[in-house]
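Whenever a hint applies, use it, and build me the whole structure from the sequences.
As you go down the protein sequences, you meet chains B and H in turn.
Quick note on the working numbering: the first sequence kicks off at 2 and runs consecutively.
Quick note on the working numbering: the second sequence kicks off at 2 and runs consecutively.
Mixed in with the good hints there might be a few duds.
[To be verified] Think about it this way: if two alpha-carbon atoms lie no more than 30 Å apart in a straight line, the pair counts; the simulated BS3-like pairs of lysine-lysine are:
no.	chain 1	residue 1	chain 2	residue 2
1	B	K125	H	K91
2	H	K6	B	K125
3	B	K6	H	K6
4	B	K223	H	K91
[Claimed, not checked] Not close to chain H: a few residues of chain B, all C-beta gaps over 12 Å, as computed:
no.	residue
5	N53
6	E56
7	Q442
Honestly, the hints are just simulated from the structure, not real lab data.
Beta carbons: idealized from backbone N, C-alpha and C, even for Gly.
2 protein chains.
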Amino acid sequence: MEQLKVFLDESEIPRQWYNILADMPSPMSPPLHPGTGQPVGPDDLAPVFPMNLIEQEVTTERWIDIPGEVLEKYLLWRPTPLYRARNFEKLLDAPVQIYYKNEGVSPPGSHKPNTAVAQAYYNKAFGIERLSTETGAGQWGSALSMACQMFGLECRVFMVRGSYEQNPYRRMMMMTWGANCVPSPSNLTEAGKKILADDPDSPGSLGIAISEAIEDAVADEKARYSLGSVLNHVLLHQTIVGLEAQKQLEQIGVYPDVVLGCAGGGSNFAGICLPYVRDKVHGKDIAIVAAEPTSCPTMTRGPFAYDFGDTAMTTPLLPMYTLGHDFVPAPIHAGGLRYHGMAPILSHLVKEEVIEARAFDQIETFSAGVQWARAEGFISAPETNHAIAAVVQEAQRAKEEGKEKVMLFNWSGHGLVDLAAYDAFLSGKLTQYELPEEEIQRALRAIEKFPKP
Amino acid sequence: MEQLKVFLDESEIPRQWYNILADMPSPMSPPLHPGTGQPVGPDDLAPVFPMNLIEQEVTTERWIDIPGEVLEKYLLWRPTPLYRARNFEKLLDAPVQIYYKNEGVSPPGSHKPNTAVAQAYYNKAFGIERLSTETGAGQWGSALSMACQMFGLECRVFMVRGSYEQNPYRRMMMMTWGANCVPSPSNLTEAGKKILADDPDSPGSLGIAISEAIEDAVADEKARYSLGSVLNHVLLHQTIVGLEAQKQLEQIGVYPDVVLGCAGGGSNFAGICLPYVRDKVHGKDIAIVAAEPTSCPTMTRGPFAYDFGDTAMTTPLLPMYTLGHDFVPAPIHAGGLRYHGMAPILSHLVKEEVIEARAFDQIETFSAGVQWARAEGFISAPETNHAIAAVVQEAQRAKEEGKEKVMLFNWSGHGLVDLAAYDAFLSGKLTQYELPEEEIQRALRAIEKFPKP
Chain B
2 MEQLKVFLDE SEIPRQWYNI LADMPSPMSP PLHPGTGQPV GPDDLAPVFP
52 MNLIEQEVTT ERWIDIPGEV LEKYLLWRPT PLYRARNFEK LLDAPVQIYY
102 KNEGVSPPGS HKPNTAVAQA YYNKAFGIER LSTETGAGQW GSALSMACQM
152 FGLECRVFMV RGSYEQNPYR RMMMMTWGAN CVPSPSNLTE AGKKILADDP
202 DSPGSLGIAI SEAIEDAVAD EKARYSLGSV LNHVLLHQTI VGLEAQKQLE
252 QIGVYPDVVL GCAGGGSNFA GICLPYVRDK VHGKDIAIVA AEPTSCPTMT
302 RGPFAYDFGD TAMTTPLLPM YTLGHDFVPA PIHAGGLRYH GMAPILSHLV
352 KEEVIEARAF DQIETFSAGV QWARAEGFIS APETNHAIAA VVQEAQRAKE
402 EGKEKVMLFN WSGHGLVDLA AYDAFLSGKL TQYELPEEEI QRALRAIEKF
452 PKP
Chain H
2 MEQLKVFLDE SEIPRQWYNI LADMPSPMSP PLHPGTGQPV GPDDLAPVFP
52 MNLIEQEVTT ERWIDIPGEV LEKYLLWRPT PLYRARNFEK LLDAPVQIYY
102 KNEGVSPPGS HKPNTAVAQA YYNKAFGIER LSTETGAGQW GSALSMACQM
152 FGLECRVFMV RGSYEQNPYR RMMMMTWGAN CVPSPSNLTE AGKKILADDP
202 DSPGSLGIAI SEAIEDAVAD EKARYSLGSV LNHVLLHQTI VGLEAQKQLE
252 QIGVYPDVVL GCAGGGSNFA GICLPYVRDK VHGKDIAIVA AEPTSCPTMT
302 RGPFAYDFGD TAMTTPLLPM YTLGHDFVPA PIHAGGLRYH GMAPILSHLV
352 KEEVIEARAF DQIETFSAGV QWARAEGFIS APETNHAIAA VVQEAQRAKE
402 EGKEKVMLFN WSGHGLVDLA AYDAFLSGKL TQYELPEEEI QRALRAIEKF
452 PKP
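Below, the structure is given as structure tokens:
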């Protein structure tokens, strides 16, 4: 029998996260205070995040020890298996080997708990009693709900009202783990009340939900805010994925030619690729490819600029690829990829041409995802289907070039709670979104006056 | 760090299924032809099942080789991890060790593909081109859809209309794997047409769906029928679960005092317990406990009798615990446990007092399931929560007796597509079903005239 999976023993789980800030090919621009235009310091962030995570956000230490309490929770589903997609390889009939990390085996079904568990731990250790966050489709909110339950923290999740109503399973998951899931806009915050006063039927947006979650956290000194992507410490926690993959591939004597993942805010992609970015910065010949949606083409069509991380302009100005903080992406099913910006670390690496970005239309991604499900069995999250579409494209190129290629990608989550999207695709109801250049230009005008990184 | 999981290498996957018929403590009564009252022979079953599976149904060989093509598909998710539920142990604060097999890691999220893949393979090998089956909540239908796709068979699933409408995610899963999922009653069969003529809005029932699937299969010589539980060959295929568990527990030097599982038709419970039943029959001191719902208390309140396997009286008469083939269980969320009968093999072992059965109310089971989810992370299928309730009960007994106990149970599936049930429980909307004795007696009158086993 041909081997399909590589497991690591629990004793082989990595004991440290990898911090790419120790190996960046050139210095990054700092986040700026929007009022003063000066770099933000730890004290500016103290009402929002606990100091131990703020320290992690800025440290340039290469290796950060994973606390024992976090490792203990990781072991509930980690190390995750590394798979070889032999059936999909046969289907593609190209000279490729395709390996993937199955992050869908976690209780909420995605990579998100890798940082949720760590953030809950550090907040608890800092004496915090409650976390507040926002969620769109619900992957992040459900992961943080589980993590808070594990460390005895209260959890409040502001969920975009449209998703709250359309995807009830995710909020039920949060309730099952004991969290308080609130449709946003809500009457719990001034930001929410203001929106509701103007439009009592507002479906909400991720931008509004972020504003509510931050306001809710800052107003309560025993509470802090938690973010599931974009920030340096979030990417740091996700490197456990790539570090495990490196160990697993070493076990079978394989080194990839291409590392791929889908990218919305960037956390799952960073998780698999940053340990390989380190190799590349030190001279290794390897391609690193991020897949994003054509309807929200941050890296492929946006400029590298300073912009707010949220629509309501409450965060520091971050140096990143952006479509403008008031850009509203089309309602594609990959809710986790509908973000106007991109993690500053990944943005910097794209600008430095260490990472390459490509955009895929959602019909192309679901077509790849259905082929995948029929060959490999597992049904992928709509976000993950973007990575699979990139894998298909790479395989076609390998075939055309007659060149053998080893690929590694992050199968970031399963799609069992996103089946309505498959239904829409299979019954021909999915929309292809052509994004007019004017729409991007309009959104970008909102950031013209900001400093340039 | 304390170990939580035991993996088996792919090379250690069992190469044979275990057949309990070689080790039964006493002879079983045969299935009877309802017309003649004589034991059914292979030819009676030939229009319904392929001959290679009929042979497996009756063989008394102890070990049956697993075909290479089946093993290859098993490896997509098998061997499944054996977990120790340390966090749940701490919560229960009892002198127990709790181990479980995580069958939720399969693509459809349950143990069902263990037999679906085998049945699809044998049908394909026999030259069959299409399988027909029924499904209630959808676990079985989705598993068979995936298996048929893997072996290039067409698949038609008659899904009880009530579930088809209330649980759209399962039918979307079937569609994604390329199956044709039809709400039952349908206009595709005479049985369906007859029901629809009387009641165009009929919500359907498992009994009607079975009748439609059998009629559909028998009418097409290139098609056969497939059943997801109850029959000997189905239980045989599921023994891979218990055989793996035995290897994994041996690896850490553990032998269980109690083996538990939930039982509807009996397949997941048989899967984990039959290899241990073999040990017990050969003198080992071990308790084997089946958990069923109080609303459908087949083994705890029904007689051991000959009865039809389906409501429409199309199957042979099976010797089993039964509540009568026209018993209609209350609409509990554990759809997979709403079956009036029980696998003849398990029924025989209950009658011989090798296996003990206990009944649990659904509120008790969800209470156990929510505690589990908050301690262990994973959200269980409503069926699986019955096994967890039995584990809680055993732990309480161990505490009262001051006796150490090692438990092993089958965590037969996750509940991510059943979250509406958790929502009902958490918002206090779940009903406790008290089943009046008269209701059972009424249903049993329908089988009074059958021969006694």
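Exercise. Which hint numbers does the structure go against, in order from smallest to largest?
Worked result: Hints that this structure does not satisfy do not exist here, as all of them hold.
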